[in-house]
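Trainee: Construct the complete structure from the given sequences, taking the supplied hints into account.
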Amino acid sequence: MPELPEVETVVRYLRPQLVERAIVGFTAHWPRVTAPAMPEDFARQVTGRTIHAVRRRGKYILLELNRGYIHLHLRMTGRLLVLPSGDPEASSQPHVTAEFDLSDSRRLVFRDMRKFGRVGYLEDLAPLETRLGPEPLSSRFTTRLFHRLLRGRRRRIKPLLLDQSFIAGLGNIYVDEALFLARIHPETPGSRLSFARARALHRAIQDILSESIRHDGTTIINFQYGEGSTGRFREKLRVFRRAEQPCPVCGTPLAKIRVAQRGTYLCPACQVP
DNA sequence: TCGAATGTTGCGAA
DNA sequence: TTTCGCAACATTCG
1 MPELPEVETV VRYLRPQLVE RAIVGFTAHW PRVTAPAMPE DFARQVTGRT IHAVRRRGKY
61 ILLELNRGYI HLHLRMTGRL LVLPSGDPEA SSQPHVTAEF DLSDSRRLVF RDMRKFGRVG
121 YLEDLAPLET RLGPEPLSSR FTTRLFHRLL RGRRRRIKPL LLDQSFIAGL GNIYVDEALF
181 LARIHPETPG SRLSFARARA LHRAIQDILS ESIRHDGTTI INFQYGEGST GRFREKLRVF
241 RRAEQPCPVC GTPLAKIRVA QRGTYLCPAC QVP
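Residues 1 to 273, numbered by our numbering, are exactly what the first sequence covers, in order.
Do not take every clue at face value.
Claimed, not checked - Across the chosen pairs, the derived CB separations fall in these ranges:
id	residue 1	residue 2	range
1	Ser165	Gln261	16 to 26 Å
2	Asn66	Arg241	15 to 25 Å
3	Ser92	Ser139	37 to 47 Å
4	Pro31	Gly68	37 to 47 Å
5	His215	His73	16 to 26 Å
6	Val272	Arg44	28 to 38 Å
7	Ser91	Arg55	38 to 48 Å
Don't read these hints as lab results, they were simulated from the structure.
Just so we're clear, the structure is a prediction, and the values are computed from it rather than from any experiment.
Yeah, the Cβ is synthetic: ideal placement off N, Cα and C, and Gly gets one too.
Mentor: Here's what the structure looks like:
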């Protein structure tokens with residue numbers, strides 16, 4: 001479910017509730033939530049440590065400890081909530097895959113209907129960094145860098161943008177939205193984009209992500225944060241899941257095609273190879 | 001019953 | 001080496 005703006009929204013909700021709390025216990029209700037590690041090993045690594053910062057890298061949530069890091073990935077349907085530990089609500093939540101007990105006698109609860117979400121422990125972030133491309137909203141992600149990364153990549157632009165080692169944080173929704181804003185057909189080979197079109201796409205990516213963060217992300221099926229709040233960006237989506245509806249720019253009915261096994265929405269008139 | 005769904009990984013083949 | 005398609009993970013919904 002969540003892409004960069006949704007993960008950022010969750011991080012902003014968690015940060016004030018977790019910073020400077022210690023982890024006093026961990027329970028895996030679904031043993032594979034810590035895969036490939038064993039739940040007992042993970043629990044041993046994190047209990048007794050204090051959370052000094054809560055950050056985001058791509059679609060990962062990072063809890064910076066006094067030593068090492070916890071990384072959490074929500075995948076499709078993961079949710080994180082902070083609840084008072086005596087609260088009967090905490091145990092009545094459905095699909096709870098893991099729980100952290102905190103020193104302020106509250107709990108960080110990981111709910112995940114489809115059970116794809118994972119948590120893990122890292123001594124340092126190097127293994128994560130080698131698998132992730134640049135952060136699209138960082139100042140280091142310049143037009144020049146983006147154009148340089150695109151050079152020599154004959155892969156179609158949509159699967160390229162979905163590849164987290166090429167650029168971190170984009171998923172199906174924002175790739176379609178950014179390509180629409182930049183008027184680029186999703187099957188255009190990356191290496192075929194001129195500098196001007198790469199610049200337009202770079203701007204579109206940054207615009208769409210920051211606009212969505214301002215609206216606390218997009219709720220399509222089940223993204224929620226905090227006490228069940230939903231993202232408000234859904235109503236701002238221009239093409240995603242809007243097949244047959246008129247293009248907001250030219251009025252041509254929007255199309256749905258399949259690219260790299262993913263449903264892909266576009267304006268067949270505006271977006272050109 | 002089948003297919004699709006906001007995500008990632010690993011494998012074999014071109 | 002790069003890219004592509006597909007299966008797998010687990011569940012819900014139309």
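Trainee: All hints, please: hold or fail.
Mentor: Now for the hints, and whether the structure bears them out:
In this structure the supplied range 16 to 26 Å holds for serine 165 paired with glutamine 261, their Cβ-Cβ distance being about 18 Å. For asparagine 66 paired with arginine 241, a C-beta distance near 43 Å fails the hint of 15 to 25 Å. Distance hint for serine 92 and serine 139: a CB-CB separation of about 44 Å, consistent with the stated range 37 to 47 Å. In this structure the supplied range 37 to 47 Å is violated for proline 31 paired with glycine 68, their Cβ-Cβ distance being about 21 Å.
Between histidine 215 and histidine 73 the C-beta distance comes to about 23 Å, which sits within the given range of 16 to 26 Å. In this structure, valine 272 and arginine 44 break the distance hint of 28 to 38 Å, their C-beta atoms being roughly 56 Å apart. Taking the beta carbon of each, serine 91 and arginine 55 are about 29 Å apart, not inside 38 to 48 Å as hinted.
Hint violations for this structure: numbers 2, 4, 6 and 7, all remaining hints satisfied.
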